[in-house]
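Assemble the whole structure, with the sequences as input and the hints as a guide.
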Amino acid sequence: MNRTDKQGTIREINGPILTIHLPGIRNGEQVKIGELGLFGEVIALKGETALVQSYESTEGVRPGERVNGLGRPLSVELGPGLLGSIFDGVQRPLDKVFLESGDHIGRGINLPALDRERNWHFTPEPDIEIGSTLSAGQLLGRVQESAIIQHRILVPPNLSGELLELAPEGEYRLDDPIGRLKLPDGKNHKLMLYQHWPVRTPRPYLRRDHGLSPLITGQRILDTFFPLLKGGKSAVPGPFGAGKTVVQQQIARWSNADIVIYVGCGERGNELVDVLETFPQLQDPYSGHKLMERTLLVANTSNMPVVAREASIYVGITMAEYYRDQGYDVVMLADSTSRWAEALREVSGRLGQMPVEDGYPAYLASRLAAFYERAGRVETRSCGKGSVTLIGAVSPPGGDFSEPVTAHTKEIIQTFWALSKELADARHYPAIDWVGSFSEHVATAAEWWHKEISPDWQHRRKQALGLLARDAELSRIVNLVGPEALSSAQRWELEGASLIKEGVLQQSALDPVDTFSSPEKQFLLLDMVLMIYDRGAELIELGISVQELTDLPLMAKARRAKQTFSSEQSDKIRALMEEFKQAFAKIRLEYAKFKEHAQ
Amino acid sequence: MSAREYRTASSAQGSLLVVQQAPNVAFGDQVLIRDHLNNLRNGQVIRTSEDEALIQVYEGTGDLDLENTWVRFLDQPLEINLSPEILGRIFNGIGKPKDNRPPILSNVRRNVNGSAINPAARTYPREFIQTGISSIDGLNSLVRGQKLPIFSASGLPHNRLAAQIVRQAKLVDQESSFSVVFAAMGVSYADARFFQEEFADSGVLGNVVMYINLADDPPVERLALPRVALTAAEYLAFDLDRHVLVVLTDMTNYAEALREVATAKGDVPSRKGYPGYLYSDLAEIYERSGRIKDRHGSVTLVPVVTMPSDDITHPIPDLTGYITEGQIVLSRELHNQGVYPPVFISPSLSRLMKDGIGKDDTREDHPRVANQLYAMYAKALETRNLAAIIGAEELSERDRRYLKFAEAFDSQFIGQGEDEDRSIIETLNLAWELLSMFPKDMLTRVSETDLAKYHRSDK
Ligand SMILES: Nc1ncnc2c1ncn2[C@@H]1O[C@H](COP(=O)(O)OP(=O)(O)OP(=O)(O)O)[C@@H](O)[C@H]1O
Ligand SMILES: [Mg+2]
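Here the protein sequences come in this chain order: A and B.
This note's numbering applies: residue 2 is where the first sequence begins, and numbers increase by one.
This note's numbering applies: residue 287 is where the second sequence begins, and numbers increase by one.
Mixed in with the good hints there might be a few duds.
Here are the simulated EDC-like cross-link-like pairs (lysine to aspartate or glutamate), alpha carbons at most 16 Å apart as the crow flies [stated by the list, open to error]:
(1) B/665 with A/503
(2) B/456 with B/707
(3) A/558 with B/727
(4) B/558 with A/359
(5) A/582 with A/512
(6) A/422 with B/597
(7) B/579 with A/278
Source of the hints: derived by calculation from the structure; they are not laboratory data.
What you are looking at is a predicted structure, and each value in this text was computed from that prediction instead of being measured.
Laid out in structure tokens, this is it:
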């Protein structure tokens, strides 16, 4: 937009917050600040002055310099070319910024998010007729955006009208109009391959729908124990180093989503580089294509300006909604929502707003809730069902889950993957604590598992959780009075729990085989260790010693099975189960003979 | 530089000075302040409006009188001159010589605040650095371009460990060593002296540049010091192609100085009175480490953080841990048992280890051996706790094995001499010697191939 007519001057600069004199500016409007042309946003009005937050460092800026209103709120460009890219917190393309300003991010760089030079092959929908009335969000045509993603070009969700023109199939650049719409007020509107949308406004859809199928992540503790549905909301809280980023990156790698949007919000630069360097090489286990073809990154690393951090998750979720509107299942990962909340706190502190808890403003909880509310499975305007699954990391100070961000988040989400320092310190990865975690989706997920994998799923899951609970109880006894106080059956329970932990729950993200586990493999491993436990318990009841069973060399094989056999080798896991059954039968037989002999 | 001096200071408190009728001063501007004795002080504009500027004075406002204070705005941010001549020199927190030698003359001037490295410009750090210390190399490996702090506490040998790392750090099979940037904030004279002598004794002084702010130097200067030091490090790494090892000690003193200034400014405090932006502020420092595409050099960062009352959840180590790529944690218990270096491996971590070790970097079994040692040690610690309650004689034979392992591990693997420089192969072999205290069946984290090749049972 060229509405740079609104011009004012800077009165005061306090870090990223400026006071400007600019009558007529709107709250939320974007501004260009000073000679450097820094980007910012109006966050409050007071008479003829406005408070502005700057997305870039204000070093060197002086009172008296100009400020221009840009006539619209912070918005993103939505169109083909998003996938495979890395953007900063206000959607500047970082690879292009690199070409422009080198190793370090310069200031006042004004680059469009999407590449204007690139040609896209557009195919209009065959059944659309000139002169017909197009509704908001209607499907206009398609562009093959990446090897796997067909980008659906939609009428912007806030426009409708009579179609005056539609371009024929062919190559177009983003700035080439592909159609013209006569709006109800009589004005003509050019349709492009891309559109704008203000990031703080959720994109509309027809209606909400229920989540039905689980998001398969290939991570056993998630899928089998604390499942998340497509369209669900989830949080991963944990102290530093417990594994939040690894959990999120594993989901980015292995989940059966169509699109993955990974927002590095106030975290490490190298973690994004890790994705940027490995995803173009890694294969999506479902489509066989490279992971980068379905991935999009937003990066406001911890050393980038705090204010843009606040914007980054809205930029991310708006792009997620845009692909949802095309009928895709989108996963958005936000690492970390705590850094976003801290950015809120920082700005509110500078505005002199009254802090309520740990310095956070009173609106923390409502902002968090409104953000998570943008997740969900919906009936889109023209592309069937689509979903946004939202998974936020939470970084509680000192690992204390009672702090405001964790506490409020916990009330909003449906799946809670609690990471524990004790497990991480013992190198039990993923360090997801089965006591503190929960999922409200188990019943729905069970339907899927029963149908697709095994009717025993829910029973086995419950049995495993039961054994783990017994383990905690018995371990307390051992720590009071020593292992001698336990009966053989109880000691075998401990062994069973240890098998579940080592053979099923622990899963190394770094092991080439173990990093991904298909649902079938997940169930087989669980079924195997529980079968071992059940049959062993029978033998122990007969009087066979626990040690005789734990000393079986086969036991090491059960613990190693997850990294020995890949997801394609279910038959080998079944064969191992057979081996166990035979070994146990043999023990039973020998024991019977021995007993007979003894009598 | 504007020649105009303002004599319009209207208030002075702690390190903050307010100057009136100074029109349109740039945010972040450097300031020179002349006091009644004609002594010069340095400052920085931290808030500015059309007619008033708030200045943070590095040397503090002690002894200023408002009548006789002259303030000059330099029209530029804090910058330092850089040339290869900085090696071998000692500077203060704002880059002024502290060794009675002339200032650096150069046409390379850099703003010390830097600006964020574009993630699209980075490359992932992958090159294993051998420190010769088993607890680090074997279990928490450091790679070039990593930020890996030492979490310590008062009275623990973090300085000796940092010095040993500086002395021994090298790439495997390479003698090429690092250039060192040593940044000391609020340290005692004795500690600063210790490092100087260390560098002198190992003959590396000519390859070291020091930025020193002692415990009795102005605390506000500590806020600029790590930025100045890292600007020098970036220059050495990315202009001069050197591999640079930066030691920042002690980040706790830095954070305390920050809290002091934040409180004076009236910033909203979050935990323990530290300002809410402590995280971002620390990140601005730590994130300056790394590797950059098509650049030969690297900046590897080893900050020292002393944990107030040995508390790892205190905001300073806590926020540091949330930013850095792991941490080496020292334990008072091990130290009291006479183990040097007293590295407690359970809470220690190196996140960048995964890409720096293994077949082409160290040895193929390394990742699994590290994993197995961790698993055995975790179990051994559990057993130790149990033994403390019920007595070691009550333990099963299997459990007693863990106890023996823990003892050997602490004394032989963790413990080593201050001058002992173990190669990574020696470290891994030692690991197998200890793991071989267990039968093969109990070692499920290593592969069967590893067992066949390295387990000592059949040798
Ligand atoms: N599933 C896993 N398999 C193997 N290693 C893991 C796994 N999960 C975590 N780790 C180890 O733990 C380290 C820390 O994990 P991660 O970086 O995800 O922590 P985090 O919770 O995101 O910490 P921070 O809050 O500081 O960002 C990893 O670098 C890795 O070494
Ligand atoms: Mg993380």
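Now for the hints, and whether the structure bears them out:
1. B/665 with A/503: holds (13 Å)
2. B/456 with B/707: holds (11 Å)
3. A/558 with B/727: holds (9 Å)
4. B/558 with A/359: holds (10 Å)
5. A/582 with A/512: Cα-Cα ~28 Å, so violated.
6. A/422 with B/597: Within the cut-off at roughly 14 Å; holds.
7. B/579 with A/278: holds (12 Å)
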